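Engineer: Spelled out from the first residue to the last, the chains are:
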Amino acid sequence: MSTLYRALMYMGGWWCHQLPARSPHLFGAQLPLCWRCTGILLGALALFFRLLTKKRLPPLLPCALLALLLPLDVLYNVVNGGDGDNARRLVTGLLWGFCATAAALRLVRFVSLRLAGAAGRPAPHAGS
Amino acid sequence: MIACPSCGSENVEGTRFCVKCGTTLPASPAPESWRQSGDLGQQQQTQQPGYQSGGYTPPAPPQSSYPTYNQQQGMYQQPQQPVIGGSQPMHPAVPAVVSLFLPGIGLLFVPNKAGLGIGIFAATIVYAVIATILTFVVVGVCLFAVMPLINVAAAVHSWDEAAKTSGGQFQPILFK
Numbered sequence: 057m058s059t060l061y062r063a064l065m066y067m068g069g070w071w072c073h074q075l076p077a078r079s080p081h082l083f084g085a086q087l088p089l090c091w092r093c094t095g096i097l098l099g100a101l102a103l104f105f106r107l108l109t110k111k112r113l114p115p116l117l118p119c120a121l122l123a124l125l126l127p128l129d130v131l132y133n134v135v136n137g138g139d140g141d142n143a144r145r146l147v148t149g150l151l152w153g154f155c156a157t158a159a160a161l162r163l164v165r166f167v168s169l170r171l172a173g174a175a176g177r178p179a180p181h182a183g184s
Numbered sequence: 138m139i140a141c142p143s144c145g146s147e148n149v150e151g152t153r154f155c156v157k158c159g160t161t162l163p164a165s166p167a168p169e170s171w172r173q174s175g176d177l178g179q180q181q182q183t184q185q186p187g188y189q190s191g192g193y194t195p196p197a198p199p200q201s202s203y204p205t206y207n208q209q210q211g212m213y214q215q216p217q218q219p220v221i222g223g224s225q226p227m228h229p230a231v232p233a234v235v236s237l238f239l240p241g242i243g244l245l246f247v248p249n250k251a252g253l254g255i256g257i258f259a260a261t262i263v264y265a266v267i268a269t270i271l272t273f274v275v276v277g278v279c280l281f282a283v284m285p286l287i288n289v290a291a292a293v294h295s296w297d298e299a300a301k302t303s304g305g306q307f308q309p310i311l312f313k
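So the sequences go chain by chain: Z and F.
Note that my numbering has the first sequence beginning at 57, numbered continuously upward.
Note that my numbering has the second sequence beginning at 138, numbered continuously upward.
It cannot be assumed that every hint is accurate.
[As the list claims (entries may be wrong)] Among chain F residues calculated to face chain Z with C-beta under 7 Å, some are:
#, residue
1, T269
2, I270
3, G304
[What the hints assert, rightly or not] Under 10 Å between C-beta atoms, here's a sample of chain F residues computed to sit facing chain Z:
#, residue
4, V156
5, L253
6, M284
Hints in this document: simulated from the structure, not taken from any laboratory.
Since the model is a prediction, treat every value here as computed from it, not as a measurement.
Yeah, the Cβ is synthetic: ideal placement off N, Cα and C, and Gly gets one too.
I would like the entire structure built from these sequences, with the hints used as guidance.
Structural biologist: Now the structure itself:
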């Protein structure tokens, strides 16, 4: 069990700072990702399962606006020099994982359609 | 047996003339087997207008294994081969879920997309190495913020590629 936990912590350490004060703890043990990265992961998973069920991307403008809350929260903490709030980190992470990923996918589709149109190929129908 | 109205001799059912005197015999009821095929012909007449009722219904000719010439399209068409134990296309959720955890690897399940999948996986590894280095150098910066985008984009792309090969059975997500 400790080997699995150490492996998860090692894998989480590839991308996350894993600061103990900013990470969730379960039964006294620190989880592999911080609150913000946990929110991002859960938001991205929520978007993935939404795409599988709804088969269409969420609208761009609300997603772009909601995704901006995470960089604004980071900027606010940097400017004020405070530690911030873990609950706010989780919420902004969730919104970033869901909305920023959806907006990026819309951007990818937009660029692909433009490139396909510039190459003279018949662009696929952009539904939703 | 049918009795001749002229000479009274017995004739076999179905004969039109008396075998003894040559008198035209009255129309006899058709044999049982003919009646059955006649009923079948009437049923087909209700389904196919213009079909003559009664008589023998020929079976459908066996399907030729040779290509047939289509005059309208001006080309030969291969006959449809019967599918014996045909394989259903893989559900796109399988490569999508695989690509969600290992970006690009799900494309190994899609025909002719293995190279692209390996390329996506290699690019993801390169990005992971760079992100790991930058995470250690710039303390406190979570580069994990971009990783879910790569994973979800690879998963959706794998779904789309698998849906394209399913012959319209599944609907793509990103490029409909």
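Engineer: The structure should be examined with respect to each hint, and the outcome stated for every one.
Structural biologist: Okay, the hints, checked on the actual structure:
Annotation: T269 (chain F) was flagged as interfacial toward chain Z, and the flag holds, the nearest CB pair being 5 Å apart, inside 7 Å. For I270 (chain F), the interface hint is violated, since its Cβ never comes within 7 Å of a Cβ in chain Z; the closest pair sits about 10 Å apart. Nearest Cβ of chain Z to the Cβ of G304 (chain F): about 16 Å, over the 7 Å cut. The hint is violated. Interface hint status for V156 (chain F): violated, as the beta-carbon distance to the closest one in chain Z is roughly 78 Å, over 10 Å.
This hint is violated: L253 (chain F) has a C-beta 14 Å from the nearest C-beta of chain Z, more than the 10 Å allowed. The interface hint given for M284 (chain F) holds, since its Cβ lies 6 Å from the closest Cβ of chain Z, which is under the 10 Å cut-off.
Checked against the numbered hints above, the structure breaks hints 2, 3, 4, 5 and satisfies the rest.
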